[in-house]
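A.B. asks: Below are the chains, spelled out letter by letter.
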Amino acid sequence: MLFNLFIVFFKIGLFTIGGGYAMIPLIEKDVVERNRWVTKEEFLDLLAVAQSAPGVFAVNISIFIGYKLRSVKGAVVAAVGNVLPSIIIILAIAVFFNSFSDNDIVNNVFKGLRPAVVALIAAPVFSVAKSARIGWTNVWIPILSAILIVTFGVSPVYIIMIAAVAGVLWGELKGGKQ
Amino acid sequence: MIFLELFYTFFKIGLFGFGGGYGMLSLIQGEVVTQHGWMSMQEFTDIVAVSQMTPGPIGINSATYVGYTSVINSGGTHLMAILGSLTASFAVMLPSFILMLIISRWLMRYSKHPRVEILFALLRPTVVGLIASAALLLMNNANFGSFTSSPLQFCISVALFIFAFVALRFFKWSPILILVICGLSGGICYGII
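Line by line, the protein sequences give chains B and F.
Per the numbering used here, residue 1 is the first one in the first sequence, and the count goes up by one each step.
Per the numbering used here, residue 1 is the first one in the second sequence, and the count goes up by one each step.
One thing to keep in mind: the hints can contain errors.
The list that follows gives simulated cross-link-like pairs (lysine to aspartate or glutamate, EDC-like), each with its CA atoms no further than 16 Å apart [as the list claims (entries may be wrong)]:
#1 29(B) to 42(B)
#2 174(B) to 31(F)
#3 40(B) to 30(B)
#4 172(F) to 28(B)
#5 11(B) to 30(B)
#6 130(B) to 33(B)
#7 112(F) to 41(B)
#8 29(B) to 102(B)
#9 40(B) to 28(B)
#10 40(B) to 117(F)
#11 172(F) to 41(B)
#12 68(B) to 42(B)
#13 68(B) to 172(B)
#14 68(B) to 41(B)
#15 130(B) to 28(B)
#16 172(F) to 42(B)
#17 12(F) to 31(F)
#18 29(B) to 41(B)
#19 11(B) to 28(B)
#20 112(F) to 42(B)
Covered stretches of chain B (chain F as the covering partner; in silico rule of three or more C-beta atoms under 8 Å from a C-beta of chain F) [said to hold, decoys possible]:
#21 7-18
#22 42-49
#23 59-69
#24 77-88
#25 114-123
#26 134-148
Read the hints as simulated data drawn from the structure, not as lab findings.
Ideal Cβ placement from N, Cα and C applies to all residues, glycine included.
Sequences and hints are given; from them, build the entire structure.
C.D. replies: Right, dumping it as structure tokens:
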């Protein structure tokens, strides 16, 4: 189990190109659908939490999933598995391959990879919207958040914080009525 | 003692780096280039480029690379530099590791509490907006090429984007297979042109 956890997160780390959000389809496939370590709803909750905690988004996600499965030991294994490919590849580049970003073949491959990475982030929006039960009553929430971030440059951290405060207040209000 | 300084610096970056890798980069730049002078701005820019191009979280990639370069620039050997890179990447993870353990325990214990359910009923749609905006912000010239100055690259990019989107969304292909195909296509197409 611990070994499987390590392998899954090693694989996710190895194929996450262009930051934490690119991890989402990989986690959906391996962690949610294939191994059923967390449900779709839990995964969404986790994204909100990992986004509002400091540190590296992708690592935060691996820590939670590892912890849920095998407590602290699982968290360490998942996090180490997740960052190990980075460390190995970066060290290899730093030691042996200083002109990595000037290499023509590398640049050509990346010209092909970049639009694919954008698609890998865009496609999960729809599956995630389904698990978040987006309907006519709450569709304004993702639209408004996206407008605030894209058009007005508001940091996603603030958006999550505002939503969290609103959620707590709403809970208070409902709790008061009962 | 550069190792202690690296540890302290990257612990601080891990603690105050909100909003993922890109938010962290400006913190790293401030500490490593401006405050400590461990490397030049040019060196830092190169490190950012490599961190974005290589697999793995950008925060970890840049911490590893910066740790290595800082020790080399301070006159250390390759072996000491590797230790420096391990120190930096360990230190950048440590604060969020502790914090996430506390949050995970809390989340698992109270996730069925009615008020927590209300909280997440609001947070889930917000996260959908966050992912959508991440995708929208990435649809730029840096990732697709400019339509006016490099129309051919732009067309190839759009084709690869549509292919990857359809393969993932409608045919449930593995994201890894999609990345391999698109990387190879880029290498072959742009190699020929």
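A.B. asks: All the hints need checking, so say for each whether the structure fits it.
C.D. replies: Going through the hints against the structure:
This hinted pair checks out: residue 29(B) and residue 42(B) have alpha carbons roughly 15 Å apart, not beyond 16 Å. Distance check on the hinted pair: residue 174(B) and residue 31(F) sit about 46 Å apart at the alpha-carbon level, beyond 16 Å; violated. A C-alpha spacing of about 12 Å is found between residue 40(B) and residue 30(B), which places the hinted pair at or below 16 Å, so the restraint holds. The hinted pair formed by residue 172(F) and residue 28(B) meets the criterion: a straight-line CA distance of about 11 Å does not exceed 16 Å.
With a C-alpha separation of about 10 Å, the suggested pair residue 11(B) and residue 30(B) falls inside the 16 Å cut-off, and the hint holds. Proposed proximity of residue 130(B) and residue 33(B) is supported: the alpha carbons are some 15 Å apart, at most 16 Å. Distance restraint check for residue 112(F) and residue 41(B): the Cα-Cα separation of roughly 12 Å lies within the 16 Å cut-off, and the hinted pair is therefore satisfied. Our distance criterion of 16 Å between C-alpha atoms is broken by residue 29(B) and residue 102(B), whose separation comes to about 34 Å.
With a CA separation close to 8 Å, the supplied pair residue 40(B) and residue 28(B) stays within the 16 Å bound. Taking the CA atoms of residue 40(B) and residue 117(F), the gap is about 15 Å. The hint holds against a cut of 16 Å. At most 16 Å may separate the alpha-carbon atoms for a hinted pair to count; residue 172(F) and residue 41(B) exceed this at roughly 20 Å. The hinted pair formed by residue 68(B) and residue 42(B) meets the criterion: a straight-line CA distance of about 11 Å does not exceed 16 Å.
For the hint pairing residue 68(B) with residue 172(B), the CA-to-CA distance comes to about 28 Å; that exceeds 16 Å, so the pair is violated. Note on residue 68(B) and residue 41(B): the hinted pairing holds, with a Cα-Cα distance of about 15 Å set against a maximum of 16 Å. The suggested pairing of residue 130(B) with residue 28(B) holds, with an alpha-carbon distance near 13 Å, which does not exceed 16 Å. About 21 Å separates the Cα atoms of residue 172(F) and residue 42(B), which puts this hinted pair outside 16 Å; it is violated.
Under the criterion of a C-alpha separation no larger than 16 Å, the hint pairing residue 12(F) with residue 31(F) is consistent with the structure, at around 10 Å. Simply put, residue 29(B) and residue 41(B) have alpha-carbon atoms about 14 Å apart, close enough for the 16 Å limit, and the pair holds. With a C-alpha separation of about 13 Å, the suggested pairing of residue 11(B) with residue 28(B) holds against the 16 Å cut-off. At roughly 11 Å between alpha-carbon atoms, residue 112(F) and residue 42(B) fall within 16 Å of each other, so this suggested pair holds.
Restraint check on the stretch 7-18 of chain B versus chain F: 7 residues with Cβ-Cβ distances below 8 Å, three needed, restraint holds. Here the stretch 42-49 of chain B counts 7 residues with a CB under 8 Å from a CB of chain F, which clears the bar of 3, and the coverage holds. A count of 6 residues in the stretch 59-69 of chain B with a Cβ less than 8 Å from any Cβ of chain F is obtained; the coverage claim is therefore met, three being the minimum. Given as covered by chain F, the stretch 77-88 of chain B passes the check, having 6 residues with a CB less than 8 Å from a CB of that chain where 3 are the minimum.
For the stretch 114-123 of chain B, the assignment as covered by chain F holds, since 10 residues bring a beta-carbon within under 8 Å of that chain's beta-carbons and 3 suffice. Check on the stretch 134-148 of chain B: 9 of its residues sit with their Cβ under 8 Å from a Cβ of chain F, so the three-residue criterion for coverage holds.
Hints 2, 8, 11, 13, 16 from the earlier list are contradicted by this structure; the remaining hints agree with it.
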